[in-house]
Amino acid sequence: MKKYLLLSVLFCLISCEKEITLSLDPMQSQYVIEGVITNSATTQTVRISKSVDFYDAAPYPAISGATVTVTDGGNSPVAFTETSPGTYTAENFQGIPGHTYTLLVTINNIAYFATSTMPLVVPLDGLAYEENSFNPPGEETNYVVTPKFIDPADEKNFYRFDLVVNGIKDKGFFTLDDNLINGQINTFGISSTDENNTIKSGSTVDLDLIGIDKNCYDYFYVLEQNADSQNTPNNPNSNISGNILGYFSAQNRQTQSVTIP
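In the numbering used here, each residue carries its 1-based index in the sequence shown increased by 1366.
Source of the hints: derived by calculation from the structure; they are not laboratory data.
For every residue, glycine included, the Cβ atom is placed at its ideal position computed from N, Cα and C.
Treat the hints with care, since some could be wrong.
Restraint-style ranges between C-beta atoms, simulated for each label pair [to be verified]:
| id | residue 1 | residue 2 | range |
| --- | --- | --- | --- |
| 1 | 1472 | 1408 | 42 to 50 Å |
| 2 | 1464 | 1504 | 19 to 27 Å |
| 3 | 1505 | 1449 | 39 to 47 Å |
| 4 | 1409 | 1487 | 17 to 25 Å |
| 5 | 1472 | 1548 | 24 to 32 Å |
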């Protein structure tokens, strides 16, 4: 039987730059570092903020004045420049699959670091689609999109997917390891979590296949489980040293598009 896994709803985005909202003790405030190195862009970004109370709807305040570098193996560190409050970027810097990157962030003379290895690329060959078997009777047909790729049998692989339907990014996310598809063609489909923007006839769908390491997978898997739970969510473990929230990920990214007839 065709296997479907629905995207889990991510916490509501407070801003386009703030992708994750984490539960905290009311008296606790921590730095939040979110850094991504990718092979699909030549500008890399690290964002630094500070958490607020779990029940506070205010945006996380940006942290300015930090020193941020990323090192690729034994090469010289690449310095990031603060281009807006809390946002640090490096131009002309493109990640390479198979390379290991080290992030070093210094805030108020305290250093925080993390490492991440960018996985090798698993080619995304296209997108298949079919009617969602969970369509409610009498309602307009919606569809499931399945990324077409073959998982390599000789290595452990971890994936994330970003879904964009008719130009609107879905507020959910999806994680997948290769426990059930090792060495096989992927058969897990993805459907929209937005009931007002489902995949239907005439929809244009863009899907990103993101190759990530185990630390990043574990981080987002916990968020996925939090989204499915009715209990107060738990903070996922960060791969950044110190009392830090967030993550650092070297990841490869591919995009395919399809329009449903």
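Taking the hints in turn, this is what the structure says about them:
| no. | hint | result |
| --- | --- | --- |
| 1 | 1472 - 1408: 42 to 50 Å | violated, 25 Å |
| 2 | 1464 - 1504: 19 to 27 Å | violated, 51 Å |
| 3 | 1505 - 1449: 39 to 47 Å | holds, 45 Å |
| 4 | 1409 - 1487: 17 to 25 Å | holds, 20 Å |
| 5 | 1472 - 1548: 24 to 32 Å | violated, 41 Å |
In this structure, the earlier hints numbered 1, 2, 5 are contradicted, and the remaining ones agree with it.
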